[in-house]
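*Asks:* Below, each chain spelled out in residue letters.
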Amino acid sequence: MNDTICAISTSLGVGAISIIRVSGNKAIEIVSKLFKGANLFNAKSHTIHYGFIYNKKEKIDEVLVSIMLAPKTYTTEDIVEINLHGGINTTTKVLELLLENGCRIAEPGEFTKRAFLNGRIDLTQAESVNDLINAKSDMARKMALNNLDGNLNQEIKKIRHEVVDIMSNIEVNIDYPEYEDIEIVTTEILLPKLTNIVASIKRLLNDSKNCQLVKDGINIAIVGKPNVGKSSILNFLLNEEKAIVTDIPGTTRDIVEGSITLNGFLINFIDTAGIRDTEDVVEKIGVEKSKKAMEKADLIIIVLNNNESLTDYDKELMETVPKEKRIIFINKSDLKQRLELPDHCIIGNTVNRDGLDKLKDGIIKKLQLEEILNKDMTYVSNLRQIDLLKKAKNSLENAIANLENSMPIDIVEIDIMNAWNFLGEITGETYKDELLNALFSNFCLGK
Amino acid sequence: MFMYDIIIVGGGHAGCEAANISAKMGMKTLLLTMNLKNIADMPCNPSIGGTAKGIIVREIDALGGLMGIVADKSHFQIKMLNNSKGPAVRSLRCQADKVLYPQIMLEYLRKNNNLEIKEGMVENLIIEDNIAKGVILEDGKKITSKIVVLTTGTYLKANILIGDINKEEGPHQEKRSNYLSDNLKKLGIKILRLKTGTPPRIKKNSIDFTKMHEELGDDTYLTFSYDIKPIYDISKQQKCYLLYTNENTHEIIKKHLKESAMYGGYAKGIGPRYCPSIEDKIVRFADKERHQLFLEPESVHYDEWYLQGFSTSMPINVQEEMVHSLEGLEKAIISKYAYAIEYDAIDPIQLKPNLENKIIQNLFTAGQINGTSGYEEAAGQGLLAGINAALKIKNKKPLILKRNEAYIGVLIDDLVTKGVTDPYRMLTSRAEFRLLLRHDNADLRLREIGYKIGTINEEQYKKLCKKRADIDKLLKEVKENNLLINDDIVKIFKNNGYDINKGSISYEGLLKRPEITFSFLKQFRSFEYEKDVLEQVEIELKYGGYIKKAQKEAEKLQKIEAKQIPDDIDYKKVKNLASEARQKLEMVRPKTIAQATRISGVNPVDISLLAIYLKKEYNEHE
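Quick note, the sequences are listed as chains Z and H, same order.
Just so you know, the first sequence maps onto residues 1 to 447 in the numbering used here.
Just so you know, the second sequence maps onto residues 448 to 1069 in the numbering used here.
Derived by calculation from the structure, the hints in this document are not laboratory data.
Quick caveat, the model's predicted, so the values are computed rather than measured.
Just so you know, not all the hints are guaranteed correct.
To be verified - Sample of chain H residues at the chain Z side, in silico, Cβ under 7 Å:
| hint | residue |
| --- | --- |
| 1 | Leu528 |
| 2 | Lys532 |
| 3 | Gly533 |
| 4 | Tyr668 |
| 5 | Gln739 |
| 6 | Leu874 |
| 7 | Ser876 |
| 8 | Pro961 |
| 9 | Thr964 |
| 10 | Ser966 |
| 11 | Gln970 |
Said to hold, decoys possible - Covered by chain H, per the in silico footprint, the following chain Z stretches (three or more residues, Cβ under 8 Å):
| hint | region |
| --- | --- |
| 12 | 178 to 184 |
| 13 | 219 to 227 |
| 14 | 405 to 415 |
Just so it is clear, CB atoms sit at the ideal spot from N, CA and C, and this is done for glycine as well.
My request is simple: use the sequences and hints to build the entire structure.
*Replies:* Have a look at this one:
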């Protein structure tokens, strides 16, 4: 842990500036080799300095350098942060220079790991920090903060309490077999109780799907026949809201054409077989090809032409996409109406930008973004937690299956106890050695 | 020169096992008791075994101890508890004769050439540089030894409480040990004040049994010990009886509550949660209309009966009223009144896992002095204290049973890791690997260990090896042989309520079904094996999936159990530990990370901080 590590702390390509963080006892020494400006060796802790990064004689970028001296820093080591102008080329160039001058690239989660190793934060904080860092939208941020407060803990503790009640009754039956006045837990009593608990866990898991919506964003596909104006609509939405450059490496999303935030939610427009390509090329693309994209979409905008009557293609689209998953937008309202309007549609055009705001409202309404916004964000928020919940659920389902198979209750209790332990791992009430490693490999590169 | 290798102070269940095993291991041993008549005395309930406790008795037997065999030779009723439940929670309990048990125990002890038994009251220890070197008797006489094992039970500064009467004495109006606990305190050992109690005894001919429900022994032969055949007659087992408290009883107790030693504020000790007095039960479970009680004969040699479940510290006149309110006991004559007893114990958190004191070297303690309750818990500790004292003298590694190896391992680990707040009683729920710690496999778990340390002889070991070989043979046999199921056999299955299809299926496949047993299958093929071999194979096949799961969990535990914490660790240097955790870790000084996880007040976060610290400080370069 004596080496000095560095990493790009901001997502590549996002935003106007990017930050490279350097931590370790040689942080100042190494950055000084590249930096022209104030003498960083004399800098006081928690100060910012203006200057330039040079590669020998070549000026790379105009930067601000923050100096934070040990121990009052995130990692408790000396930290230097270089604020650069955004852009992949410049940022990676500076990173390369740091590596050439004696830094090592940080492993995933290493900054937080160091903070933890040096005793600055505890494990549960570390996990929430990870979620906060990874939050891609305000909603995700809110959720991570909410989980810091322990709402999820409450939910899980409640379930865990029900499980322990069952367990203690079984244990009493075992340890005090002569006491007939105590309720004897039978398979008939146990089965409905376990089924109920499984249902509660399933509900949490279901909510976790909502949570994934919040964390990873909502996928929207825009479909329609060639020339109907899909790309114009997309461009309008992307330009109107602040577009986020995509192709962020490491995200689980499929290829995304562009992303915006709407009402605090991250909205991804997914590639429906090249809707941004020239319309000529798109002509070749049939429903089959769009289908794939549509399967991945949480919402599908079907675009129809006001100036034409419904084609077979349109009809097929409307039949394929279920009503609750679609919005129909009638484009080209500036031209003569030749289309028989279907129910529940939004009319407008991209020439005068008519109806496009209504489309945005429609998206918000359809996805119930306002409701989710007001909803208690007690969602299971990360994969470790989801995995443990699933394990708990599996254990209980195992218990149910074995009970039905006339396995003795005191043996089946082993499954119930496992479920109890898995739930405990979520709330941090059970210690598992693997937890640490699992956690740290989860942390994003950078912080 | 020392006069003895090991001195055992106290001749109760812990002392007897410690003395016997240490002598068996070749140590020149002295057992000191205040009164020879009270060797292996059973001052409370007249039974040995019970849930979890019965498994401890079998473990004692598997390791070469005496409790199992002495119980087998002295009981007048025996039964298997939880017989209708899974194999992991079955456990034996017998009604041991209070006259015979001590007699037979003494006979066994006297067979040991290395063991001397003497009367004497120990008042102080000979300590030099925090090393125990013997004992000092009441009359000032010094007896030296390499190791001292204290198994003083409830006699340290004992007070007997009946209502507002408070007498300074131990059970049976015996003298209490007045100075030993004070002297221990002076050495820096933390002393706890605990309390327990016992119910009234009733004259047999004053009981109307017709109004009570009979409780019989099992009608199959059973033994605790792996080494003897049953010597009792099933049909001559004595009956016990079930009766209930009623509204009237509860009214009497509520009316006089303030007069009980407990609720009148006369008692300061902390009583056992798992064995509450009847007034405790009435207060804590106010909505219960009745509580179960049992009447059990104490011996066939005298006619006192033990009223289980009715322990109390009420004054004697209230006890009379309470007992007479019970159906069938309207005219009962109380031969001994119930009492509560307060006594000093040491906080077992001050012990190493081999039961040696952390402050005073070569001083071991076992039994109720360590804050436990129950004959079996005492005997189990006594056995291990004796073994470990002998091993220490022989310069050998201590025997520390793991939690997945024995209930005795769970017991001692709990004591030295968690300490006690109230008298500790073993429960199956304390064992996280109870599926591995079964009644039926104590020999398979522990006999080999006993053989290696010299407490199990050649003959016993050969028997174990044969059993193991037979199990393997039978497992192979059922796997490789099929039952051809024709229409006739389908009919036999159906008649027994079992579903089956025509065809050929291995005996293994059949035995995996919960309802199918060897005793059913023997009509199709003879299996020439001992009963316990058949039982092992049945369990292995029926519950194999769960057993494997438990083994996997146990292996995981072993992994962190293997993560040693160096003896010289400075907990002040582990950053960010919660202060309670730091304090507890400092006090317990766990040997492994796994042990640290079991300390109450030490949270997972603290454990991770500790694990990280160890990684950083002790094996960063690994």
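*Asks:* Identify every previously stated hint that the structure contradicts and give their numbers, smallest first.
*Replies:* 4, 9, 10, 11 and 13
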